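Student: Can you make the complete structure from the sequences, with help from the hints?
Protein chains in written order, with the UniProt record's numbering: chain X, 1 to 263; chain S, 1 to 351; chain B, 1 to 130.
Treat each hint with caution, since some may be false.
Unchecked claim - Taking lysine-lysine and the DSSO-like style, the derived pairs with C-alpha atoms no more than 27 Å apart in a straight line are: (1) S:K128 <-> B:K90; (2) B:K49 <-> S:K77; (3) B:K90 <-> X:K37; (4) B:K90 <-> X:K35.
Claimed, not checked - If we take Cβ atoms under 10 Å as the criterion, some of the chain X residues that face chain S in the derived model are: (5) R64; (6) A71; (7) Y75; (8) L86.
It is worth saying that the hints were derived from the structure and are not from the lab. Just so you know, these numbers come straight off a predicted model, no measurement behind them. In this text, a Cβ means the ideal position worked out from N, Cα and C, and glycines have one as well.
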Amino acid sequence: MSGQTQRLNVVPTVTMLGVVKARLIGATRGHALLKKKSDALTVQFRAILKKIVATKESMGEAMRASSFSLAEAKYVAGDGVRHVVLQSVRSASLRVRSHQENVAGVKLPKFTHFVDPAGASSPSLTGLARGGQQVSACRAAHVKAIEVLVELASLQTSFLTLDEAIKTTNRRVNALENVVKPRLENTITYIKGELDELEREDFFRLKKIQGYKRREVERQMMAAKLFAEEQLAEDLALKRGVSMGATTNILVGGGDKDEDIIF
Amino acid sequence: MYSWEMLSFNIHDGFLEAIVRGNRSGLLTQADYNNLCQCETLDDIKMHLSATEYGPYLQNEPSPLHTTTIVEKCTLKLVDEYKHMLCQANEPLSTFLQYITYGHMIDNVVLIVTGTLHERDVNELLEKCHPLGMFDSIASLAVAQNMRELYRLVLVDTPLAPYFSECITSEDLDDMNIEIMRNTLYKAYLQDFYKFCAKLGGATADIMCNLLSFEADRRAVNITINSIGTELTRDDRRKLYSNFGLLFPYGHEELAVCEDVDQVRGVMEKYPPYQSIFAKISYGESQMLDKAFYEEEVKRLRLSFEQQFHYAVFFAYMRLREQEIRNLMWISECVAQNQKNRVHDSVVTIF
Amino acid sequence: MAGRSNIPANNSALIAIIADEDTVTGFLMAGVGNVDLRKKTNYLLVDNKTTVKQIEDAFKEFTAREDIAIVLISQYIANMIRFLVDSYNKPIPAILEIPSKDHPYDPASDSVLSRVKYLFSADSVASDRR
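Tutor: This is how it looks when you write it as structure tokens:
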């Protein structure tokens, strides 16, 4: 059974035709809606794509700035500062919060970063004697970089989610367009065909019965006519004095007698 | 005035002074820096350095070089030179040389204590310690959980013991206290070093006291600026200032109450030697202050080579080498990160 | 069905980092680092002693952890475990490739950007960039 000739396995009745027709209307509406959704998602998707590329660029900038500020901090505060930082990690004060954003029924994750006041007090006295300012400048630069990175992360996640969603939607659109709708249409044609066939059979049957009836009537008419003619002939004979029956009888009787005569 | 030094200095310390002055001529020159600033990659830097005294230390490094590797190797050279000098030294020069490293020792102790507080691996911590500040019992620092224990178990055997007796009052250790502890220790160290140098007398005392005063004043200014806006109280701040130097005691009183950079500037401009430093910096800007101080320090260190028969040359040499390593780090960072227009911002040329 | 996959509305998630020492130091300075009670860190410091296996393990661990929302990974490290990064397709945690200071950023080998390029012709991406 190829895709084109597929149809639903239904009893071809008028009720079924109604049901299938309703389904076809539903499928068409769904198809239109999904198509719209897919378009909306694609628009969103393109916008996100542009943003991703732009943000990736600015991320490069931010990262460069932040790693350079680290170099500055290291220059002033000495190389040891990084060990101090590495050793004094306790719990994160900068965290991200994720929530959802709804775009055409697709839930997109969004991240926002926030400073957790409950987190450990940041080592604000690092480099008290030398380079404290560079250290805090470096921290600020990295917080900025994190901002960009978090934004990029939301964009990227949205990108992946949307990508997947668009694929699913397109798959559904295509499924409706190329499988469900033709199948329903095929079913409708099939049911219609069957119904027509039935109708034709009925018609033919009616025609047959009609013909039969007419022939019967004709026969009776013929019989009646014949009878009337006979009646008429008898009447004439009676008027001439010879009964039709007598003549007939003579003939019949003569026939009986001359059995052997050939001619 | 210094005639008796001329008579006796060379008996004990003449050889080492000759060595340190010889080493001094190995410091990178302006021409070297110019060449280094032209480099495109870290390998170019390595090539340029191979013509200098750093050559043997870098030649076996495999090719993707990192800035940290360069800095490590250059520090290694400094450490080797230092050890060489220490082996040859007599009293009191050997004590003097050891004094130079106490600063790193304090940093190492603080690092280990910090690491211990956060339950890090001791061996990992030891790798990160500055090689100049190593001492024998450093590994056992990790067992200590509070200051008293730390002092009793480990530090009492180290030269740092007297410094710790001052800050032993703080019972519990946290990030804030550790940074204060580091600076209290450093203050005690500077004061002790100052006293030691004054005791040596002669040209050494003269020059070293000048250098250490500058160091103390610089710390005072930096602590003031960096503690603006933090939880450090004024009294705490004042406690971290060393009790000598040009700013002592009236400048300290004024610095202790400063609330922004411009007030600090107002205080400092009353002192002629620092006027020139602050004059270079525009109002409200404090970022370039560190560099200005470094330049001033280098200038003073360089001048100490002008006199003979004193110990300050050793101090000056070590400090200049450290500055040189900082310069190299800066240049290689700039080269590695493609920020060559910033190369000249922070390089302090020495000779 | 990524659209239906549940995205936990987590109110405080962490950012994990796999990078070289300087980058990690910088981000830890910013306050990203976290060490929990079992001394598990949310960052991996990669130096020349770190094996690829360790990186792989860390990557798998970070991507499997519930409390991590974003994984930052240096691009040159991502290149070492490219197959893992490329085969990863969950929305959360998000994988971000970041440039490191010794290695300039190369948009061509970024797994997401390459997917972008796969979806759209190369010139449309190039024109987007302008």
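Student: A separate judgement is required for each hint: does it hold in the structure or not?
Tutor: Each hint tested on the structure:
1. S:K128 <-> B:K90: violated (38 Å)
2. B:K49 <-> S:K77: Satisfied, since the Cα-Cα distance of roughly 23 Å is no more than 27 Å.
3. B:K90 <-> X:K37: Answer holds: K90 of chain B to K37 of chain X is near 23 Å, not above 27 Å.
4. B:K90 <-> X:K35: Since the Cα atoms of K90 of chain B and K35 of chain X sit roughly 26 Å apart, the hinted pair holds (cutoff 27 Å).
5. R64: holds (6 Å)
6. A71: Result: holds, 4 Å to nearest chain S Cβ.
7. Y75: holds (5 Å)
8. L86: Where the cut-off is 10 Å and the nearest Cβ of chain S is about 8 Å from L86 of chain X, the hint holds.
Violated hint: 1 only; the structure is consistent with all others.
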